[in-house]
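S.K.: What follows is each chain in one-letter form.
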Amino acid sequence: MAELRFRDDAALEQPAVTLDSFLTQSNATAVRLESDEDARLLIPHLDRLALVEVAFPKFRDGRGYSSARILREAGYTGELRAAGDVLVDQIAFMRRCGFDSFVPDVPLDAEAVEASLNFYGQVYQGAADAGVPVWKLRHG
Amino acid sequence: MYKYDQYDQAIVDARVAEFGDQVRRRLAGDMTEDQFKPLRLMNGLYLQLHAYMLRVAIPYGTLDSRQMRMLAHIARKYDRDYGHFTTRQNIQYNWIKLEDSPAILADLATVEMHAIQTSGNCIRNISSDQYAGAAADEVADPRPWAELLRQWSTFHPEFSYLPRKFKIAVIASDEDRAAMKLHDIGIQLVERDGKLGAAFYVGGGMGRTPMVAPLIKDFVPIEDYLSYTEACLRVYNRYGRRDNIYKARIKILIHELGAAEYARQVEEEFAHVKTLGIDPPAAELERISAFFAPPAYDAGAPDSVDRSDPDFAVWLDQNVKVHKQPGYAIVNISLKPVGGIPGDASSAQIDVMADLAERYSFDELRVTHAQNIVLPHVAKRDLYAMWQALTEADLAAANLDLISDIIACPGLDYCSLANARSIPVAQKIAQRFADLDRQRTLGELKLKISGCINACGHHHAGHIGILGVDRKGTENYQLLLGGSGAEDTSLGKITGPGFDEDGVVDAIERVTDKYLELRDTGERFLDTYRRVGFDPFKEAIYG
Numbered sequence: 635m636a637e638l639r640f641r642d643d644a645a646l647e648q649p650a651v652t653l654d655s656f657l658t659q660s661n662a663t664a665v666r667l668e669s670d671e672d673a674r675l676l677i678p679h680l681d682r683l684a685l686v687e688v689a690f691p692k693f694r695d696g697r698g699y700s701s702a703r704i705l706r707e708a709g710y711t712g713e714l715r716a717a718g719d720v721l722v723d724q725i726a727f728m729r730r731c732g733f734d735s736f737v738p739d740v741p742l743d744a745e746a747v748e749a750s751l752n753f754y755g756q757v758y759q760g761a762a763d764a765g766v767p768v769w770k771l772r773h774g
Numbered sequence: 007m008y009k010y011d012q013y014d015q016a017i018v019d020a021r022v023a024e025f026g027d028q029v030r031r032r033l034a035g036d037m038t039e040d041q042f043k044p045l046r047l048m049n050g051l052y053l054q055l056h057a058y059m060l061r062v063a064i065p066y067g068t069l070d071s072r073q074m075r076m077l078a079h080i081a082r083k084y085d086r087d088y089g090h091f092t093t094r095q096n097i098q099y100n101w102i103k104l105e106d107s108p109a110i111l112a113d114l115a116t117v118e119m120h121a122i123q124t125s126g127n128c129i130r131n132i133s134s135d136q137y138a139g140a141a142a143d144e145v146a147d148p149r150p151w152a153e154l155l156r157q158w159s160t161f162h163p164e165f166s167y168l169p170r171k172f173k174i175a176v177i178a179s180d181e182d183r184a185a186m187k188l189h190d191i192g193i194q195l196v197e198r199d200g201k202l203g204a205a206f207y208v209g210g211g212m213g214r215t216p217m218v219a220p221l222i223k224d225f226v227p228i229e230d231y232l233s234y235t236e237a238c239l240r241v242y243n244r245y246g247r248r249d250n251i252y253k254a255r256i257k258i259l260i261h262e263l264g265a266a267e268y269a270r271q272v273e274e275e276f277a278h279v280k281t282l283g284i285d286p287p288a289a290e291l292e293r294i295s296a297f298f299a300p301p302a303y304d305a306g307a308p309d310s311v312d313r314s315d316p317d318f319a320v321w322l323d324q325n326v327k328v329h330k331q332p333g334y335a336i337v338n339i340s341l342k343p344v345g346g347i348p349g350d351a352s353s354a355q356i357d358v359m360a361d362l363a364e365r366y367s368f369d370e371l372r373v374t375h376a377q378n379i380v381l382p383h384v385a386k387r388d389l390y391a392m393w394q395a396l397t398e399a400d401l402a403a404a405n406l407d408l409i410s411d412i413i414a415c416p417g418l419d420y421c422s423l424a425n426a427r428s429i430p431v432a433q434k435i436a437q438r439f440a441d442l443d444r445q446r447t448l449g450e451l452k453l454k455i456s457g458c459i460n461a462c463g464h465h466h467a468g469h470i471g472i473l474g475v476d477r478k479g480t481e482n483y484q485l486l487l488g489g490s491g492a493e494d495t496s497l498g499k500i501t502g503p504g505f506d507e508d509g510v511v512d513a514i515e516r517v518t519d520k521y522l523e524l525r526d527t528g529e530r531f532l533d534t535y536r537r538v539g540f541d542p543f544k545e546a547i548y549g
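Chains as they are written, first to last, in the numbering used here: chain A, 635 to 774; chain B, 7 to 549.
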């Protein structure tokens, strides 16, 4: 069960399998992507995926941010979970990259998360969320 | 000068509030130093040997007098009355108290300034040509393009936890005054068939493994500028090494993959990224460009200068450069007086420079990567009065690009990474060559000093470079020859065994003596070195 979930649908109970297993098993619907694994390998299989869990072994390892955007840009709409060394002050960036659930190694303070998501009302660039870049606001 | 609108201001104000909250949590003990470190680093706050250091962003090195005065105010109120201009065209303060840092950021925000992304493994402050908008040889003003990158890269959600820090420079001239090919991405605006585009050089850098960036694409149509940059970054973020911080820069990735393969992958990524609508419409560039419109020059300004004061004439010849507008000139203010600390300026001097910019340079200043200040648009008829005011403030050193115009990192006097001091070596070299006639006889000679292998003092790119190392507990200085950060970018070569502090000064003198003996008419030191090679100098040094 995710610590923090920004989705309305029911959480998936099926455990996530490794990328290798997923690519060879036709019935798995949840996969875990390690930080050095290529998210693009999942693109042909998005229609049968309900959960992708992206590993953050260290908060400094930011490969997962790209993995998330690649999946969202390819049209993935299922649950996208960040798991591991996920810290309060990263949640906003992760949300922008398309993550919608979080399983941090160390539980996060809900109030601090809420505050961190509300500091910024504007964004400079488009990403995988609904944020509208300010250049669009400027020029309609 | 770019001016914030409500959106820019709201984002910077939000950062002030956010960082204030983070510092409060840290001071209250709700956060450990380990947890706080990445957050303060995202705000340019480092813990050095003796105190916190705060680095303030000066986007593409451009600022106005109001902002410059704020920098003086911060030096006076929160530091020890001086600031240090850096090779990244920023300013840093060496004696900051953590509890003051939110107030400093709040003060900065009142003049549209911040410390966002001046450290951390993210896209750092965008650097550019200090003569932008004034140089006759540019195909366009690079600053609007640098500003576009500033906005695009600010709090970029995907690229805030890159493998390592990431530096981008944008220039628009064939003459490179920004060491563009020694950046992670160096962009040169170019024209082809009457259309503006950008040449992308990717994977340059200094540090312990210096590399000159290879050309990845010779012409990116300007409407694809941000998408192509995003594609360059995404390929790096996906593949860049995380296992070893010394191998995590993009230069290592490109070296290992090969420039052609990297370029192929960027092209593939770009084909996808371009469909995302990342590039703003032309109207946004027009909006930004309007802020950089040429100032209201006096078309009748006289183009001649009275050179009758000989000291003024020396300064004029050395520090004043050609402007594209007749009757105007580009003034370089050297922050390298003999015996001084390269790049340092007192609050009083910063105020003087602000006043002069307001009075004589259409309210504009630039910081250069060589740690000097530029007043970009000065009427020639004002040059003498300006020189007198600079002299009064001890800001009229006539040594631009001469041997005493030294780039030096803070070194072991401040920095926790350093192995050796840089500042005393710079001071001793400047004192040895204090005679300005002697310096002028030597001509252009770019000397650069780093106090450790991280190369913040650009020693690889010095015509003469010095690298401070720790040898069995004592400071030792290696000498390098033949580097260049200009359009003829090259990396210096280590001469041989290192020296102590006085020894390295002696060795430099043997090199310059040899140069005077070998040079042909009109040759700079670097030209002679390239013509005759390394050996004559090595022999002169070691006998």
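Treat the hints loosely; a few may be bogus.
To be verified - Below, a list of computed lysine-lysine pairs in the DSS-like style, where the Cα atoms sit at most 25 Å apart:
hint: 1; chain 1: B; residue 1: K280; chain 2: B; residue 2: K253
hint: 2; chain 1: A; residue 1: K692; chain 2: B; residue 2: K43
hint: 3; chain 1: B; residue 1: K434; chain 2: A; residue 2: K692
hint: 4; chain 1: B; residue 1: K330; chain 2: B; residue 2: K386
hint: 5; chain 1: A; residue 1: K770; chain 2: B; residue 2: K280
hint: 6; chain 1: B; residue 1: K201; chain 2: B; residue 2: K280
hint: 7; chain 1: A; residue 1: K692; chain 2: B; residue 2: K478
What the hints assert, rightly or not - Reference excerpt, derived from the structure (chain B facing chain A, CB under 10 Å, subset only):
hint: 8; residue: A34
hint: 9; residue: H162
hint: 10; residue: K201
hint: 11; residue: L232
hint: 12; residue: G283
hint: 13; residue: A319
hint: 14; residue: Q331
No lab work stands behind these hints: they were computed from the structure. Quick reminder that beta carbons are idealized off the backbone N, C-alpha and C, glycines included.
S.K.: Now look at each hint and say whether the structure bears it out.
M.R.: These are the hints, each one checked on the structure:
no. : hint            : result
1   : B:K280 - B:K253 : violated (30 Å)
2   : A:K692 - B:K43  : holds (14 Å)
3   : B:K434 - A:K692 : violated (45 Å)
4   : B:K330 - B:K386 : holds (12 Å)
5   : A:K770 - B:K280 : holds (17 Å)
6   : B:K201 - B:K280 : holds (19 Å)
7   : A:K692 - B:K478 : violated (35 Å)
8   : A34             : violated (13 Å)
9   : H162            : holds (6 Å)
10  : K201            : violated (22 Å)
11  : L232            : holds (8 Å)
12  : G283            : holds (6 Å)
13  : A319            : violated (48 Å)
14  : Q331            : violated (31 Å)
Hint check: violations occur at hints 1, 3, 7, 8, 10, 13 and 14; the rest are consistent with the structure.
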